[in-house]
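Trainee: Protein chains in written order, with our numbering: chain V, 1 to 144; chain L, 1 to 144.
If you're looking for bench data, these hints aren't it; they were derived computationally from the structure. Check the hints yourself; a few may be wrong.
Stretches of chain V that chain L covers, calculated by requiring three or more beta carbons in the stretch to come under 8 Å of a beta carbon on chain L [claimed, not checked]:
hint	segment
1	90-102
2	114-122
3	128-141
Ideal placement from N, C-alpha and C gives every residue a C-beta, glycine not left out.
So the chains spell out like this:
2 protein chains.
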Amino acid sequence: MSTVLSQSKRALAAEVWRRMFDYFMSTSGERLRILAELDLTPNDSRALHTLDGLAGRTMRSLAEEWSCDASNATWIVNRLETRGLVERRAKPGDGRVKLVVLTAFGEKTRDRLKDAMYFPPQDLLEMPTAALQALKAAMLKLPR
Amino acid sequence: MSTVLSQSKRALAAEVWRRMFDYFMSTSGERLRILAELDLTPNDSRALHTLDGLAGRTMRSLAEEWSCDASNATWIVNRLETRGLVERRAKPGDGRVKLVVLTAFGEKTRDRLKDAMYFPPQDLLEMPTAALQALKAAMLKLPR
DNA sequence: TATTGTTATACTCTATAACTATA
DNA sequence: TATAGTTATAGAGTATAACAATA
């Protein structure tokens with residue numbers, strides 16, 4: 001891929017990004033409201049989405065994923081455990097390792113959170129259908 | 001405006017929102033990197049964007065805008081003041097009130113931060129021009 | 001001896017309540 | 001007496017370093 005970009009293309013991408021950035025930021029209050037309603041911090045939210053109810057994650061891998069110290073991961077998992085969202089299980093082969101999994105309540109909370117976050121802002125719902133269709137077609141071309 | 005929406009329109013808006021949400025979230029690491037480079041926390045960033053170098057803001061209005069306690073606003077402003085990003089000025093007519101303004105350094109830091117945040121992600125810059133044009137046209141129709 | 005995780009400790013961020021100064 | 005802001009204090013969240021248990 002080329003690293004040389006035309007001036008106009010740069011300006012185009014900048015305009016697209018600025019609009020998307022501003023719109024997304026304008027909706028951040030709604031996300032804070034959703035978290036407060038479920039009595040979760042942004043950090044709790046990130047933690048819930050890292051975990052699942054099946055495989056289990058080692059404390060070490062969680063600290064790495066969360067870019068924090070191992071002792072901080074202990075603190076975060078303790079907090080979730082106290083609230084019944086996760087549990088620690090011993091790893092069969094290695095007595096040093098603990099596996100953290102979501103409880104049924106943890107999975108339910110994570111799913112409720114995800115549904116709420118994915119629910120579109122009211123003013124997006126009220127856009128003309130044609131504009132939404134154009135937006136969707138363009139969004140499908142986003143690189144990830 | 002109608003509050004009755006067709007099923008297909010709901011699904012359309014949900015798809016658009018989910019794509020935008022996921023793309024934006026996938027770029028959050030870059031934003032944290034920018035903040036770290038300027039030695040700012042997300043909170044510092046919010047504070048810088050609330051202030052300016054001219055009008056000045058009362059402590060009370062800042063606490064309200066930041067949805068925090070007045071004593072917390074004092075703490076946040078103290079932190080910025082220690083780093084030379086803001087200064088407190090007395091309000092001429094009312095000796096109780098203090099006005100917080102960005103210093104020249106504060107304005108420069110805020111501008112550098114804004115420029116970095118508005119710089120589009122690399123993979124957006126590398127999208128085909130036609131796709132970017134379609135994206136821009138759709139973005140211009142966003143409600144805010 | 002190296003690795004996994006926790007505990008002890010300190011520093012940052014946030015809130016409640018008490019306080020000072022001005023209106 | 002009411003308002004603007006700060007200080008005292010306590011609790012949540014994060015990091016570093018020391019530690020215990022297991023490999």
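Trainee: Please go over all the hints and tell whether each is borne out by the structure.
Mentor: A quick look at each hint next to the structure:
1. 90-102: violated (count 0)
2. 114-122: holds (count 5)
3. 128-141: Coverage by chain L holds for the segment 128-141 of chain V (13 residues, Cβ < 8 Å).
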